[in-house]
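Using the sequences and the hints given, assemble the complete structure.
Chains as they are written, first to last, in the numbering used here: chain A, 6 to 342; chain B, 7 to 291; chain C, 79 to 403.
Derived by calculation from the structure, the hints in this document are not laboratory data.
Take the hints with a grain of salt, since some may be wrong.
[Claimed, not checked] No farther apart than 25 Å at their CA atoms in a straight line, the calculated lysine to any residue pairs in the SDA-like style are these: (1) C:K163 <-> A:T127; (2) A:K12 <-> B:D129; (3) A:K12 <-> B:Y251; (4) C:K163 <-> A:V115; (5) A:K12 <-> C:S227; (6) A:K206 <-> B:Y251; (7) C:K250 <-> A:P129; (8) C:K250 <-> A:D238; (9) C:K163 <-> A:R260; (10) A:K206 <-> B:P64; (11) C:K163 <-> A:L254; (12) C:K250 <-> A:R251; (13) C:K163 <-> A:F259; (14) C:K163 <-> A:K12; (15) C:K163 <-> A:S256; (16) C:K250 <-> A:A249; (17) A:K12 <-> C:S96; (18) C:K250 <-> A:S256; (19) C:K163 <-> A:P129; (20) A:K12 <-> B:G118; (21) A:K12 <-> B:T130; (22) C:K163 <-> A:K206; (23) A:K12 <-> C:A228; (24) C:K250 <-> A:P250; (25) C:K163 <-> A:A237; (26) C:K163 <-> A:P250; (27) A:K12 <-> C:Y229.
[To be verified] Part of the chain A face toward chain C, derived, beta carbon under 10 Å: (28) P129; (29) A245; (30) V334; (31) D335.
For every residue, glycine included, the Cβ atom is placed at its ideal position computed from N, Cα and C.
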Amino acid sequence: MLTTILKRLLGAIPNLIGVVVVTFLLTRALPGDPAAFFAGGAGTAEAVEEIRKKLGLDKSLPEQFIVYVRDLARGDWGMSHATGQPVLTELTTRLPASLELTLAALLLAVIIAIPLGILAATRPGSWVDHLCRGIATAGVSLPTFFTGLLLAYIFYFLLGWAPAPLGRLDPYLSAPPLVTGFYLIDSLIARDFPVFVGALKQLILPTITLALFVLAPLARMTRASMLGVLSADFIRTARASGLAPRTVLFSYAFRNALLPVMTTLGMVFSFLLGSNVLVEKVFAWPGIGSFAIEALVASDYAPVQGFVLSMALLYVLLNLSIDIAYGFVDPRMKIEN
Amino acid sequence: MHSVWQKRLQTLRYVVGENPLSLAAFLLFAAFVLLALVGPAIAPFDALASNVGAPLSPPSLAHWFGTDSLGRDILSRVIIATRLDLGIAVAAVGISCILGGLAGAFAGYFGGWTDRIVGRLSDTIMAFPLFVLAMGIVAALGNTVANIVIATAIINLPFYIRVARAESGVLRNAGFVEAARLAGNGEVRLLFHHIIPNILPPMTVQISLNMGWAILNAAGLSFIGLGVRPPDAEWGIMVAEGAQYIVSGEWWIALFPGAVLMLAVFCFNLLGDSLRDLVDPRRRT
Amino acid sequence: MSALLEIDKLSLEFRTRSGIVRALENVSLQLPEGGSLGLVGESGSGKSVLSFAVLGIQDAAATITGGTIRFAGTDLLADGGSAMKTMRGRELAMIFQNPRVALNPIRQVGRQIEDVLLRHTALRGAAARARAIECLADVRIPDPERRYSAYPFELSGGMCQRVMIAIALACKPRLLIADEPTTGLDVTTQAAIMRLIRDLGREKGMATLLITHDLGLARDFCDKLAVMHAGHIVEVGPTETLFRTPAHPYTAQLVRATPVGQERLENLASIPGNLPDLRRGDLPPCRFSERCELRSPACATPLPNLVVSPGHLVGCHHPQARSSP
Numbered sequence: 006m007l008t009t010i011l012k013r014l015l016g017a018i019p020n021l022i023g024v025v026v027v028t029f030l031l032t033r034a035l036p037g038d039p040a041a042f043f044a045g046g047a048g049t050a051e052a053v054e055e056i057r058k059k060l061g062l063d064k065s066l067p068e069q070f071i072v073y074v075r076d077l078a079r080g081d082w083g084m085s086h087a088t089g090q091p092v093l094t095e096l097t098t099r100l101p102a103s104l105e106l107t108l109a110a111l112l113l114a115v116i117i118a119i120p121l122g123i124l125a126a127t128r129p130g131s132w133v134d135h136l137c138r139g140i141a142t143a144g145v146s147l148p149t150f151f152t153g154l155l156l157a158y159i160f161y162f163l164l165g166w167a168p169a170p171l172g173r174l175d176p177y178l179s180a181p182p183l184v185t186g187f188y189l190i191d192s193l194i195a196r197d198f199p200v201f202v203g204a205l206k207q208l209i210l211p212t213i214t215l216a217l218f219v220l221a222p223l224a225r226m227t228r229a230s231m232l233g234v235l236s237a238d239f240i241r242t243a244r245a246s247g248l249a250p251r252t253v254l255f256s257y258a259f260r261n262a263l264l265p266v267m268t269t270l271g272m273v274f275s276f277l278l279g280s281n282v283l284v285e286k287v288f289a290w291p292g293i294g295s296f297a298i299e300a301l302v303a304s305d306y307a308p309v310q311g312f313v314l315s316m317a318l319l320y321v322l323l324n325l326s327i328d329i330a331y332g333f334v335d336p337r338m339k340i341e342n
Numbered sequence: 007m008h009s010v011w012q013k014r015l016q017t018l019r020y021v022v023g024e025n026p027l028s029l030a031a032f033l034l035f036a037a038f039v040l041l042a043l044v045g046p047a048i049a050p051f052d053a054l055a056s057n058v059g060a061p062l063s064p065p066s067l068a069h070w071f072g073t074d075s076l077g078r079d080i081l082s083r084v085i086i087a088t089r090l091d092l093g094i095a096v097a098a099v100g101i102s103c104i105l106g107g108l109a110g111a112f113a114g115y116f117g118g119w120t121d122r123i124v125g126r127l128s129d130t131i132m133a134f135p136l137f138v139l140a141m142g143i144v145a146a147l148g149n150t151v152a153n154i155v156i157a158t159a160i161i162n163l164p165f166y167i168r169v170a171r172a173e174s175g176v177l178r179n180a181g182f183v184e185a186a187r188l189a190g191n192g193e194v195r196l197l198f199h200h201i202i203p204n205i206l207p208p209m210t211v212q213i214s215l216n217m218g219w220a221i222l223n224a225a226g227l228s229f230i231g232l233g234v235r236p237p238d239a240e241w242g243i244m245v246a247e248g249a250q251y252i253v254s255g256e257w258w259i260a261l262f263p264g265a266v267l268m269l270a271v272f273c274f275n276l277l278g279d280s281l282r283d284l285v286d287p288r289r290r291t
Numbered sequence: 079m080s081a082l083l084e085i086d087k088l089s090l091e092f093r094t095r096s097g098i099v100r101a102l103e104n105v106s107l108q109l110p111e112g113g114s115l116g117l118v119g120e121s122g123s124g125k126s127v128l129s130f131a132v133l134g135i136q137d138a139a140a141t142i143t144g145g146t147i148r149f150a151g152t153d154l155l156a157d158g159g160s161a162m163k164t165m166r167g168r169e170l171a172m173i174f175q176n177p178r179v180a181l182n183p184i185r186q187v188g189r190q191i192e193d194v195l196l197r198h199t200a201l202r203g204a205a206a207r208a209r210a211i212e213c214l215a216d217v218r219i220p221d222p223e224r225r226y227s228a229y230p231f232e233l234s235g236g237m238c239q240r241v242m243i244a245i246a247l248a249c250k251p252r253l254l255i256a257d258e259p260t261t262g263l264d265v266t267t268q269a270a271i272m273r274l275i276r277d278l279g280r281e282k283g284m285a286t287l288l289i290t291h292d293l294g295l296a297r298d299f300c301d302k303l304a305v306m307h308a309g310h311i312v313e314v315g316p317t318e319t320l321f322r323t324p325a326h327p328y329t330a331q332l333v334r335a336t337p338v339g340q341e342r343l344e345n346l347a348s349i350p351g352n353l354p355d356l357r358r359g360d361l362p363p364c365r366f367s368e369r370c371e372l373r374s375p376a377c378a379t380p381l382p383n384l385v386v387s388p389g390h391l392v393g394c395h396h397p398q399a400r401s402s403p
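Now the structure itself:
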């Protein structure tokens with residue numbers, strides 16, 4: 006098992022290198038001369054030259070790359086001009102907010118999509134099947150930023166059920182003591198139930214918005230994969246041996262159907278992390294997405310690059326965990342290299 | 007050949023009969039194309055002119071979709087935006103399809119190093135959450151509409167590479183290609199005359215499947231303030247402009263452009279599904 | 079003697095987009111306790127559909143439109159097949175072709191046997207495991223303790239077929255249906271598997287229904303044969319009688335097309351024509367008549383069911399002259 010995990014880890018390395026190279030190239034593709042940009046409009050030629058040297062821009066591209074990687078490894082991801090803080094600090098303090106939202110949305114989507122897909126596959130042509138297909142097509146057509154606004158309008162403005170779409174917590178509540186950075190968990194650890202309820206209320210609408218979008222590919226894949234597995238020979242064998250329908254459906258069909266669904270999860274995460282940025286903006290969620298947008302608007306490039314890099318690293322990490330989990334579920338992966 | 011088309015026609019009739027939505031999607035698609043072509047001629051007001059009506063007035067007979075904070079007619083702006091939104095998506099998908107298709111066809115046909123390089127390129131792009139990569143590209147290249155197109159094209163590349171690579175890898179060893187090779191055709195000629203024409207149908211399906219997603223991405227980028235600049239009309243940026251008024255109850259500013267955007271994406275997705283059923287009935291899900 | 083399995087005038091249809099496929103029509107069969115019956119015919123003749131119907135695992139699009147299936151006196155189709163549900167896997171079991179894909183790819187084979195034991199017996203825990211290993215040993219799998227935790231992809235096709243037999247026989251059924259059990263296996267393995275099925279059948283006094291398109295295989299293995307063509311059983315009789323004096327023209331052609339011993343390939347006959355399209359509304363009463371040399375106007379009238387000799391029945395207006403006893 007350990008060697009399998011090790012092999013997966015090694016397999017992720019080319020992607021990791023690719024990610025770092027691309028983000029490096031993105032930093033060099035800044036519009037105009039970065040040195041002149043950092044020197045400001047009034048910078049003299051000498052000042053620009055000095056900054057060029059300071060930034061290492063006078064060196065060759067490979068040398069610059071080595072410096073870039075060394076800085077990254079040291080945790081020097083540049084400074085945010087807007088906040089005056091190191092980019093890495095900004096990102097790490099905001100990451101839990103984004104993760105809490107993303108994971109909550111993923112959880113909600115999985116809880117709805119997988120039973121829906123199974124039901125649709127076991128009753129082809131029924132209303133559940135049509136519902137599933139409808140959701141699969143409509144869901145991926147939703148602009149998350151628009152559905153988010155729509156939900157906020159209906160549930161906050163019209164019905165008043167949801168709190169104002171402004172951040173993670175009502176301003177009159179104070180954040181729970183930091184443990185995991187997830188307000189829901191931290192408030193429970195601190196046994197601060199009003200904060201828990203408050204955080205949950207704030208979380209509901211953005212979570213639904215995100216979940217609606219990623220529900221579609223998950224439900225579609227579950228349904229398709231379940232349909233495929235249910236017509237497989239080994240399901241017929243299981244039925245012929247008189248196994249209980251539940252056993253056939255869950256221990257036999259579902260576990261096999263799960264494999265392609267797990268492969269889709271990677272794509273789903275790609276959607277999730279992307280849409281997360283838009284949803285954070287709509288709900289003023291203080292995560293790394295809204296941080297990146299603020300930086301973008303202010304032409305503050307180091308945070309944007311840091312954001313792209315951190316998201317990519319997170320994504321590589323997620324794919325890696327999916328791969329490893331896949332190896333546990335599918336015994337056939339052990340002998341493959 | 008005749009019977010093939012007859013069969014296609016039969017399948018088409020079947021697909022439409024089975025799913026009346028695809029007919030609706032096709033009509034809607036035609037309507038969007040028409041709007042993109044003649045939009046400026048049929049928009050009731052100048053989309054950029056301020057104060058054609060009272061600012062922030064709700065939908066009325068004069069202004070069906072209401073007016074925004076500057077008193078601009080939202081209906082006219084939504085109509086005008088069609089061209090820009092579809093234009094960005096079509097340009098991006100076009101670039102992506104041509105470059106990705108060629109790269110994929112070469113990789114699948116020649117294999118070896120070509121394949122490894124193209125595969126690595128595609129894997130590297132896929133190693134990013136795609137929308138985030140698009141943000142990074144626009145940020146690095148500069149905040150313009152052209153760069154939105156480039157960014158959207160880049161994040162679409164892997165999909166076309168994958169399709170073209172798989173198809174040409176299979177076709178490379180097909181009987182008719184082998185026959186043409188034995189007849190003394192050069193490799194490049196084979197690729198352009200025998201392989202690429204045959205990967206066009208699956209590529210077309212991929213285009214229609216990707217178009218909706220490309221529109222969503224482009225609109226998403228302008229929603230967060232990239233690419234399209236005010237006062238230009240574009241669905242994503244219009245939703246962004248309306249966002250702040252949602253919490254005070256002026257719903258129409260964001261709703262109409264958002265709804266039209268959703269409709270356009272939905273229409274392309276439906277169309278893509280129908281087209282896939284038509285070209286490859288086995289993959290119906 | 080009452081039969082263990084008794085199928086009487088069974089008819090089954092598939093409702094498809096392109097019309098109703100009348101896959102089985104008035105099919106009748108008897109199989110005595112401990113007997114072995116070969117169900118032979120071309121692919122598409124309805125052999126597998128029939129066996130699936132016996133176990134109630136037919137496709138969702140299939141409807142049984144008439145007839146009965148009785149097993150040891152119990153009506154399997156009564157109450158929406160509730161009797162069948164309790165019996166299948168215990169009293170009747172089935173093995174399939176292509177054993178490598180007919181087992182759950184991500185479950186240890188021993189666990190797959192245990193699943194059946196847990197469902198049908200009172201065995202639990204270590205006892206169930208021990209019995210599963212015993213089942214593996216029963217089908218002559220070497221080193222059963224180790225093989226218990228193997229996955230199907232780690233085993234050869236022949237081994238997988240043995241595992242499937244072990245699953246089928248785990249609860250000591252009275253009837254085993256073997257649906258082309260040697261398809262997808264090497265020739266050498268085929269013989270071993272067939273010998274295993276026969277030996278186990280004799281040891282345990284189990285009746286066997288062998289479904290195959292290979293008449294030679296059926297001849298080696300079965301006391302009785304039933305010949306299927308396009309959803310009809312055209313002829314039933316003791317194996318040797320059927321081979322020596324086939325009464326139905328289709329059987330006669332099948333026999334001529336079957337190599338016996340060292341016969342040369344050139345001497346083998348082929349059967350002209352194809353199975354008729356079972357969706358047609360104008361299917362003749364005899365579904366073979368359109369490819370039959372002996373066709374006459376009588377073939378458009380309802381089929382007779384002639385008794386050629388005791389236990390030898392044929393559904394044909396023109397039974398071959400040689401066949402009279």
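*Can you name, in rising order, the numbers of the hints this structure does not satisfy?*
When the structure is compared with the hints, numbers 3, 4, 7, 10, 14, 17 and 22 turn out to be violated.
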